[in-house]
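Protein chains in written order, with our numbering: chain A, 1041 to 1256; chain B, 1041 to 1256.
These aren't lab readings, by the way, just hints derived from the structure by calculation. Here a beta-carbon is modelled for each residue, glycine too, at the ideal position from N, C-alpha and C. Careful: at least some of the hints might be erroneous.
[Claimed, not checked] Label-pair ranges, simulated between beta-carbon atoms:
1. A:1247 to B:1224: 14 to 24 Å
2. B:1074 to A:1164: 51 to 61 Å
3. A:1086 to B:1213: 46 to 56 Å
Protein chains: 2
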Amino acid sequence: MKIGVLGTGMVGRAIASRLVALGHEVKMGSRTPDNENAAEWVAANGARASQGTFADAAAFGELVFNCTSGDASLVVLRAAGAENLTGKALVDVANTLDFSQGRPPSLLVTTKESLAEQIQSAFPEARVVKTLNTMNCEVMVDPSLVPGRHNVFVSGNDESAKSEVKGLLQSFGWPGEDILDLGDITTARGPELYIPLWLRLYGTVGSGHFNIALVH
Amino acid sequence: MKIGVLGTGMVGRAIASRLVALGHEVKMGSRTPDNENAAEWVAANGARASQGTFADAAAFGELVFNCTSGDASLVVLRAAGAENLTGKALVDVANTLDFSQGRPPSLLVTTKESLAEQIQSAFPEARVVKTLNTMNCEVMVDPSLVPGRHNVFVSGNDESAKSEVKGLLQSFGWPGEDILDLGDITTARGPELYIPLWLRLYGTVGSGHFNIALVH
């Protein structure tokens, strides 16, 4: 399918490359149509890869990934244009990290509302699905980098958008039974507030190639 | 050893009972010296179990557990008395849940400071260790209720207090390699902010007998 990826950082490039490898046509969006990261990515990824503005990428995609940093996401999505997101699954993988006090960063979201909920409120016609924000971007698109069973979470109000996203996750290599549907978009608070623990586990493991598994 | 347990709810009773079963002398503290929950617990747990005020329990313990609800913990600890906590390992297992908007609850802590840090600041002479707040109280004291390997986290500034607490956790049944030391007391933000995810996983699993495992 045609997919728009907003953001040219590590996360955007990892997801966009994986999508192209799986046969999708992907347009990477950024503030300017000639962003250098995006140009490098296009050069490396062949005919199914293209670039443009946030609005170009959102208009192009039948499904859109938000891979921008969380503190910029609402501004980016406004630049992408509500009309280019209407009716589409909008996959939000962003975290709102605050590096202003040094490392490890803290969070800019409150414990009362997630970024995903803010996005869903600001773009009521988009079908927002929060997922993949709880791990390193290499693990997102290749869960076999972490041995054994471990989980990815999905939150969203729209069942058909969640089904579409779960299908993509399975194509990334996530076994269906390891994809945990937490419920509606308010449940995104869980995975978003998990990030401070992820950051400390990163400190313990010393690499991003880890994840958590639900055991019961 | 002699241990004070502050709080007479499910968590306090589960921990206090396990400690008595392991041979410790335990005094359960509450607002009043004749609390009914505590009296029932004393009656069920024999000669090594006793009860008193928060101050009685804190003065009695060579080590003290905070098993009160997080929104009351600072008030309870002031009632227990800074002088009764000085130099002691103070094991904080509390979560600051806000049920005012219904279920599932949200958190009263911010993303910038944990309850454990607030306690350590308010009681600088106590050696605060955050642990066990990331699971159901039955799993806290009997990790074999969840099959296979899974983790408990420890945060604190004082290495000897953490060693003492890790020893207690091992006596509860936690294998040493499954006890993850996240670092100083600021790392308690991770396990405290994990609770919203725990609450959603509880919704998914349908029982409290689960936990997460670090996989890498």
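We went through each hint and held it up to the structure:
1. A:1247 to B:1224: 14 to 24 Å: 21 Å, holds
2. B:1074 to A:1164: 51 to 61 Å: For residue 1164 of chain A against residue 1074 of chain B, whose Cβ atoms are near 56 Å apart, the range 51 to 61 Å holds.
3. A:1086 to B:1213: 46 to 56 Å: At roughly 54 Å between Cβ atoms, residue 1213 of chain B and residue 1086 of chain A fall inside 46 to 56 Å, so the hint holds.
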